[in-house]
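Undergrad: Quick mapping for you: the protein sequence lines, in order, are chains Y and L. Under the numbering used here, residues 1 to 409 are what the first sequence spells out, in order. Under the numbering used here, residues 410 to 818 are what the second sequence spells out, in order.
It should be emphasised that the hints constitute simulated quantities derived from the structure, not laboratory data. A few of these clues could be false.
Said to hold, decoys possible - Simulated pairs of lysine-lysine, DSS-like, Cα-Cα distance not exceeding 30 Å:
id, chain 1, residue 1, chain 2, residue 2
1, Y, 373, L, 707
2, L, 782, Y, 283
3, Y, 320, L, 692
4, L, 586, L, 619
5, Y, 366, L, 707
6, Y, 283, L, 775
7, Y, 373, L, 539
8, L, 694, Y, 320
9, Y, 320, L, 707
10, L, 619, Y, 298
11, L, 692, Y, 366
12, Y, 283, L, 595
13, Y, 373, L, 543
14, L, 707, Y, 298
15, L, 782, Y, 320
16, Y, 373, L, 595
17, L, 707, Y, 285
Number of protein chains: 2
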Amino acid sequence: MKAAGVIVEYNPFHNGHYFHLQGTKEQTNADVYIAVMSGNFLQRGEPALVSKWTRAKMALQAGVDLVIELPYAFATGKAEVFSNGAISALDTLFVSDICFGSEHGSIDAFKNTVQYMTENKQVFDEQLKKEIAKGYSFPKASSLAYNSLDSAKYTVDLSMPNNILGYHYVKAIHEQKSSIQPHTLKRTGAGYHDEKPFDNTIASATGIRKILLGNNGELNKIKSLVPETTYDALISYYESYQTYHHWDIYFPYLQYKLSVTDPAELRTIYEAEEGLEYRVIDKIKDASNFTEFMEAIKTKRYTWTRLQRFLTHILTNTTKEEMAPYLEKMEVNYIRILGMTDRGQAYLKEVKKKVEKPIITNLNAKHDDPMLKMDIRATRAYALGYPQEIRTSLINQEYRTTPVRISHL
Amino acid sequence: MKAAGVIVEYNPFHNGHYFHLQGTKEQTNADVYIAVMSGNFLQRGEPALVSKWTRAKMALQAGVDLVIELPYAFATGKAEVFSNGAISALDTLFVSDICFGSEHGSIDAFKNTVQYMTENKQVFDEQLKKEIAKGYSFPKASSLAYNSLDSAKYTVDLSMPNNILGYHYVKAIHEQKSSIQPHTLKRTGAGYHDEKPFDNTIASATGIRKILLGNNGELNKIKSLVPETTYDALISYYESYQTYHHWDIYFPYLQYKLSVTDPAELRTIYEAEEGLEYRVIDKIKDASNFTEFMEAIKTKRYTWTRLQRFLTHILTNTTKEEMAPYLEKMEVNYIRILGMTDRGQAYLKEVKKKVEKPIITNLNAKHDDPMLKMDIRATRAYALGYPQEIRTSLINQEYRTTPVRISHL
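Please take these sequences and the hints and turn them into a complete structure.
TA: Right, dumping it as structure tokens:
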């Protein structure tokens with residue numbers, strides 16, 4: 001069986017994701033489609049709106065055959081870390097092709113850019129250092145350094161968010177010497193260029209979350225923006241758990257942690273750099289909600305996303321020491337199954353013996369990989385977002401939840 | 410001016426405390442009365458019902474002249490630690506006499522017991538070890554070892570809670586070579602023996618807290634049990650802060666901390682011993698409130714109080730490393746003023762120059778004593794108990810609150 005992969009967050013799954021999946025099918029013509037998906041915390045450094053199991057279900061219902069978890073160590077990392085983890089997971093499962101959305105839309109341009117950047121690495125790195133010294137954030141400095149290079153105008157514009165990720169996917173494939181063939185679909189705004197007739201039914205995930213987290217009466221507004229299965233899953237999640245997840249509900253824990261932790265201890269947390277530990281401890285005292293806090297700690301040097309990732313690591317108690325091995329060697333230690341269709345299961349059965357890493361379907365106490373411990377801790381921290389009355393049984397749900405299974409008729 | 414001292418928690422101040430204060434006045438005939446009082450967390454390992462400033466106010470209104478804070482390092486310690494800290498604070502302020510309530514009621518018996526135990530320390534320690542090896546808790550084992558000694562029956566019954574504290578006060582005075590003269594008043598049940606006619610207006614602080622934390626409609630029930638000033642202060646506290654403090658409101662933070670902390674890290678917390686760190690991490694997963702959690706971790710080996718103290722140190726992030734110097738040398742580093750009357754202020758003025766430790770009235774950033782840092786952190790943790798909407802300004806109240814002042818007419 002030929003397998004194609006997508007790298008996703010599905011927060012939540014919407015029509016844009018559906019078209020991306022359809023496009024992937026057209027471009028790759030595979031037998032089985034595998035999504036490697038962030039768990040309960042995302043690349044932007046925030047909790048997912050609904051749990052990874054519910055998001056896995058949305059994916060399966062929309063046509064994905066197998067959903068595997070991108071471990072926390074990569075899912076909450078910067079583009080390079082995120083991409084390497086994802087590519088390594090798909091490569092481990094013998095995926096032959098991937099397809100990603102990008103603002104640029106031509107895969108050759110991505111390949112050329114990676115080649116060009118490999119050849120000009122030294123010049124780029126020097127320029128990057130200069131831009132960072134001027135006080136720019138890492139992404140902004142990268143973009144400026146890139147644009148200052150001679151051939152930049154002939155390649156991909158790396159100031160666009162999806163281009164950046166795509167570039168890192170292709171670069172990871174190159175560096176990991178993977179045989180995966182990358183493809184890309186052009187997207188414009190929230191949607192994909194090829195899907196003009198559907199444009200008015202597409203909104204970004206950010207837009208959809210805004211509606212969901214705002215006035216509940218407006219829930220109907222998202223009905224045209226997501227598949228019916230997503231809509232039903234969102235309604236049912238709220239009925240079961242009485243909440244969607246967002247930073248505000250975790251703010252008291254940040255407040256607590258930063259109120260009783262001194263800078264020296266906080267410095268052990270991953271991404272605590274350049275005195276950021278002093279800044280967050282100082283600013284927490286006067287912030288009465290998450291947004292106020294973020295606005296108080298924000299500087300030109302750090303992007304909003306970079307700061308949110310740091311706060312995520314504080315919340316989940318993720319240390320530099322724990323992360324060090326995975327920054328050194330950016331590959332997954334295991335394949336964690338979040339959900340599968342019959343077809344996905346058949347594919348797993350086919351490749352099982354060749355896969356060189358543990359495939360985890362039902363978690364139990366035997367699994368004590370340090371990378372997995374971070375996933376378990378992330379799920380526990382995430383569970384603190386459920387209302388007090390129902391959270392107890394959910395704190396340990398990592399051990400109690402089995403993969404979502406769907407039989408397509 | 411002659412100063413007499415009392416060692417208190419006033420959680421909250423009630424009629425029994427009033428009679429103890431009157432008795433102290435009769436027995437010592439001093440010019441000024443100083444209370445050394447636990448801060449926001451108490452010897453039983455629990456948050457105080459209302460803040461230390463409100464409790465200081467209750468004390469001043471009832472006839473105390475000066476309220477100083479027993480630092481967190483001692484206030485949340487076992488009897489020996491608690492007592493040594495308190496005696497050292499009073500000794501630093503040149504208090505000549507102290508008076509404590511006890512089940513026994515004769516000060517000579519306490520002195521004899523201390524002398525006897527000093528002479529028979531080795532025999533006692535050996536017996537204590539044997540009892541602990543049988544699996545008894547430390548207080549139970551101490552009491553059994555003590556009763557097994559020949560002369561025990563002629564001295565104080567050290568299985569009674571107030572006798573134990575009294576014994577440790579007298580022992581601390583002896584060991585610190587302090588010139589303080591101890592006195593004691595006999596108490597029976599909740600009240601003091603000498604105060605028969607008032608017996609029906611006396612209930613234990615525990616009883617009063619039960620009423621306050623229970624049905625609010627029953628608040629009237631405590632009216633006859635506390636001075637009017639205490640009653641008013643309790644009402645006004647609830648109006649301002651919309652809560653009294655008890656473990657249940659801090660349970661989510663324990664849940665959070667224990668959900669994202671591994672045993673090795675938890676082992677750095679003060680009082681994490683004999684694998685208790687594994688036990689609390691394991692049991693938190695299935696507990697849905699504080700009482701359920703306590704019942705799950707309770708064993709014969711540990712008293713309820715000992716376990717609550719451990720949980721307090723977890724909540725306040727108090728480490729073995731921080732506490733080590735104060736267990737080695739059990740004396741206060743400073744005198745922190747929580748409240749004073751004109752008379753208390755006059756006394757402070759009189760002794761100021763002789764006092765060999767810093768007297769702290771208004772806290773500011775210059776004060777960076779490591780013992781004081783623990784008090785500040787305890788106040789921050791305590792503030793997390795206020796409702797989310799009002800807590801922000803209170804997290805840093807340690808720096809914003811000035812001592813309570815009362816002028817007696």
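Undergrad: All hints, please: hold or fail.
TA: Hint check results:
1. Y:373 - L:707: Measuring from Cα to Cα gives roughly 27 Å; hence the hint holds.
2. L:782 - Y:283: 18 Å, holds
3. Y:320 - L:692: Holds - the C-alpha atoms of residue 692 (chain L) and residue 320 (chain Y) are around 28 Å apart, at most 30 Å.
4. L:586 - L:619: 40 Å, violated
5. Y:366 - L:707: Status holds; Cα separation ~27 Å.
6. Y:283 - L:775: The hint holds at about 19 Å.
7. Y:373 - L:539: Not OK: residue 373 (chain Y) and residue 539 (chain L) at ~40 Å, beyond 30 Å, violated.
8. L:694 - Y:320: 26 Å, holds
9. Y:320 - L:707: Judged against 30 Å, a Cα distance of about 35 Å means the pair is violated.
10. L:619 - Y:298: 46 Å, violated
11. L:692 - Y:366: Holds, at roughly 19 Å.
12. Y:283 - L:595: 51 Å, violated
13. Y:373 - L:543: This hinted pair is violated, its Cα atoms lying about 37 Å apart.
14. L:707 - Y:298: 45 Å, violated
15. L:782 - Y:320: The hint holds at about 26 Å.
16. Y:373 - L:595: 56 Å, violated
17. L:707 - Y:285: Not OK: residue 707 (chain L) and residue 285 (chain Y) at ~35 Å, beyond 30 Å, violated.
In terms of the numbered hints stated before, the structure departs from hints 4, 7, 9, 10, 12, 13, 14, 16 and 17, listed from lowest to highest.
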